[in-house]
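Q: Here is how the chains run, residue by residue.
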Amino acid sequence: MSDEQDPLDATLRTYLRGRADVALPPDMLATVAQRGDSNRRSRVSLFGQARRVAAAAAIAVVIVGVVAFGSTVRPGPGPAGSATPAGSAAPGDSAAPGDSAAPADSAAPADSAAPTDSEGVPSVVLGLPVLPVARARQVLQDGAPRGRALAIAGWWSMQTGLSCAAPRDYKAVIEGWCTATALAPTDAPVMRDDPQVGGIVWDPPAGSLVPRLVPETAGYADLLQGVTDAASSMRPRHVVVVAHIGDPRAILCAPTSRDVCERELVVDAVAWIEGRAIGPLLETDARPPMLTAEQAMSALKRDLPDSTLVTLSPWTREVYGTLDPWIADGVSGFWFARVIPDSVGRDLTAPMTAVFIDEADGTTVTWPLDPPEWTLLAAVHLGARGDIVPEATLAIERRGGGTVYQAAVSQSSMKPATLEPGSYRLVVWSDSERVVLPDPGNGDCEKELDVSAGDVLTLSATWTTGQRCTISVDG
Amino acid sequence: MEPSLARGGSARDAASRDFEALVEPWVDEMYRLAATIVGPDDARDVTQDALLTAWSKLGSLRQRDQPRPWLHAIVVNQCRQLLRSQRRRPRWIDIDEPGVAARARVTSDASVAVAERDRLDRAFGRLDADHRAALALHYVTDLTVPQIAVALGVREGTVKSRIHAAVERMRAELQRDGADR
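Those protein sequence lines, which keep their order, are chains G and F. Be aware that the first sequence starts at 1, since it is given in the working numbering, and climbs by one per residue. Be aware that the second sequence starts at 1, since it is given in the working numbering, and climbs by one per residue.
Source of the hints: derived by calculation from the structure; they are not laboratory data. What you were told as hints is all true, and nothing was included just to trick you.
Label pairs and their calculated CB-CB ranges:
id	chain 1	residue 1	chain 2	residue 2	range
1	G	VAL260	F	ARG171	39 to 45 angstroms
2	F	GLY59	G	ASP450	46 to 52 angstroms
3	F	SER56	G	GLY422	47 to 53 angstroms
4	G	THR363	F	GLU156	45 to 51 angstroms
5	F	ASP18	G	VAL365	56 to 62 angstroms
6	F	ARG119	G	VAL404	31 to 37 angstroms
7	F	ASP28	G	ALA206	42 to 48 angstroms
8	G	LEU8	F	SER56	35 to 41 angstroms
9	G	PRO421	F	ARG176	35 to 41 angstroms
A few chain G residues that don't get close to chain F, going by computed Cβ distances all over 12 angstroms:
id	residue
10	VAL124
11	GLY246
12	PRO248
13	GLY275
14	ASP303
15	ASP361
16	VAL365
17	GLY402
18	TYR405
C-beta: ideal position from N, C-alpha, C; glycine also.
Chain F extracted, bound-state conformation (with noise of 0.2 angstroms):
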């Protein structure tokens, strides 16, 4: 059975295909937003819910054609209230994560990898939702800055400021984290 949004009614039926047809291209793209700005632990569930938010939200959408921002947009303010929510929580690193693997050939030691991702890691947690958002989607997304500006709810003007105060945070972070040790 395909899997649908709403049963029990054809006209229901299609705007659950119109829906899953809309956000299917980007479904993939939510997931490692997600996953970049929470982790991979919660990123399923923030997906989840920030799919559920787009369906219930959909008459929102003003340019249909132009859907990525504003999913993106969603995912965003899911991970600021799952992070609103877990303002702390252990932290485990998966020397099996990509990142790490990729680091560690690059260093060829893999416990200096799992360190250095560590490090990142401890300063990323640190950043607050809005900061790691401003990161992840200038990082990993190729959006542009108006798209940026959208899914982050702010000015264009604001988008890169936001970015560098989130770089300039990183760096502090991990510079304190360097001089605790």
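So here's chain G without its partners, still in its complex pose (with noise of 0.2 angstroms):
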């Protein structure tokens, strides 16, 4: 399987063998037997303690404190009369009490479990307005521009289920799957606490916001994703997150969807939780940034004087994909940043700028950055065949001859190219090794393709059972 001389082997035996020496949990069954019944009864919140105290434990880590960037992380001030005070709902605000959909039979006493009120909601944040969710759901019914940043309170949650099969069609990375998240109203929400789920059971109120978290970025987004304390289990949080709709990486939806992923409400930051205020800087695991955080800062102060920070984290090659699918290949890493100017007024949204920041020379780029006026973007759909998750590899060939594009995908993926425009061959076989696959006559795996400016095409391959594939190309 592998070569006995090579040193890499034994240290991975030996590394992954030390991996794997741990004691299974004695209650391992008992717990799942638990879950089993629970999940059948009820849509409910269900992580477990370790789970729980890992997040507890990331965010310990994740949290460096508040950074100030240009002149300072200025609180501006709202704009009069527009600002309802967080902490209250708004007249006419949609979720009332009655529009709670808690089951009728969660009859536990609320404040057993329910997290305190909305004492210490800041009423601006970043220069922003903080909105109640039913004012904010109003600015956006009434078309809020693109890209402007909004400031939200209320309460999250974010459930993922127990298992879910992989998603038949190809999702975006803006387009959620099986995580519900939910901003729910800032009235306190009914919630009990399950003793045979072994958590608390809370569904989001008529009226909640259904914002879209995508981690790489989104600043603090672990402190959305995770457990912040080990008692409460997944309790809703009471937040004020900054968000926008209209987020370019609605270009990367297929084509059928991408008028709603025109409107997802995007996380950008957290900008507090729970009475702590939370500062831009987002700290990762990726390797260590070439540009140290001031250094990034300094960038940003240079190109892009007087404006308020939203977020900023170092990031490597590995996330290009999920950002943006024309950043230059070669690129080793950069900090990628969001602002909000200073110079411009703010209502109840503000522009929001977002931007690279080239840890090659220091130099900023603002993104989106303008697509190519050739493109392909590969939205690569593999049906499952029975209970195996297929793989596959695609390639674009030029029709004279020569690979322009070679990408292993798996089920779902997307995988972008840009190409001139010109004719090309669009493959895809399974596996490693380059069998295309038998020809039953309906062009199954191979698509001649003229792509000519302007193109924006997606590319669906799609294997139903045995070994047959097809390919569609929209656009």
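Assembling the complex is the task here: the two chains are given apart, and the hints tell you how they should meet.
A: In structure tokens:
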């Protein structure tokens, strides 16, 4: 299987067996039994103790403090009369208690499990008025401009399904899958502690927002992803988040869902969580950045003076595809930042700028980058073959010869590629060795394609049963 | 009270007993496989989720007398899902971990062992779920190639190339890590 003379072989064997040298918790099957029963009864938040503890520890590591950028991280004054105090629901808030979707049988006293009320919720963050959920919904329904930041206070919850089948269709990074997020109105949620579940049961009430969390570009996403204390399970968190709609990554969605993606509310940062103001700097476990955070902020100060920093995080090329498929290969790393220019007036929203800071030379580049005029966006859908999750390789070849793109793809993955206008052949084959699957006569697994300037195309390669696949191109 | 996945009916009780009898011999291995791929902090949840999935999909198990590759496949899929949802996470090195202790004995210098373990953790953490699973199944379990193929959801011919690619990726990551420092 591998070369026994290779020193790495022995190293890996020792290392991996060390990772595997763990003792099975004695109550594993009993706990599963309890979860299995409970899961049949209701939709609940279920997170195990292990993950809770890990998440609590994660937060201890991640939080590094508030970092001021520019002249200051200043809470700019909200427009007169425009900012409803976040701690109380606005008049007409659709989330009246009667809207609560809490099950009728959840009669346990809410005060035994409910988080504290909204005392201390800031009325302004990053110069933005903090809007209650109902007001934010109204702003969004009234057509908030693309890419403008809103600060919204509410109860955040994030529930991940116990087990989710792979999606039948390709899901872009800002589309939800297997995880239900909610930002609920600031009325204290009615919750109950279900001893059989071993945690808190809570259903977001009607009128909740459904934000999308893309951890790669959301400051302190760990605070929203995980559980912050071991004692309270996945109870909702009282938070203020900064978010926007009209995310440019909507272009990564399949054509049929692009309009929906444009309207997704995408979280940029956690500004406040249960009494704690959260700073904009996000440290990660990515390889040590070549630029320090101070150097990255110096670059921002140089190119975007007098701005308020929303989030700043170092990233490596592994996540390029989720940020922007058109970032040039060869860039070793960059810092990703969102800022709100101080020079512009803030209303209920404020324009937000996203930039990359190239670690090679400290230059800043505004995101999204302009896509080239010629584009093929290959969203590859591989339908499952029974219980087998297929994998395949996608190649794009010039019709005259020469491969211009080749990458492994797994189920429902997205592989963006940019192509000059011309004639190409798209080929998809399964497994690692190229054996183009037999063609029963309908062009299986190979397709010829002419790309014209301005094309944005989506490729679907779909396996059905057996070893047949078909390729279709939409655009 | 005996643990039961389904209460309230004798038929379901019997089914749950059958299920427990089926999976119990392999739970420890499932847990260790999960710990190898996603780390000890998430292994419990991954294993629990895998067991629940196995319970709910028991009908799809064709060879009841050979549940092991099927259970491993479920664990690998749960690991994939978790890693997909947690593309990054801070790391902790626990000097009491067995692997660290073992290497400490070899080097007689715990700080070197921790640094080496940290370097390996970092490199392993950069692998995608499929590469992690391939290495874990190869180096930790004694599954045969056909069984690994089932667990990974690939053809037998792909297993070898997958493991080779994963080893080379580890090598590259370790070299890159060394070059970065």
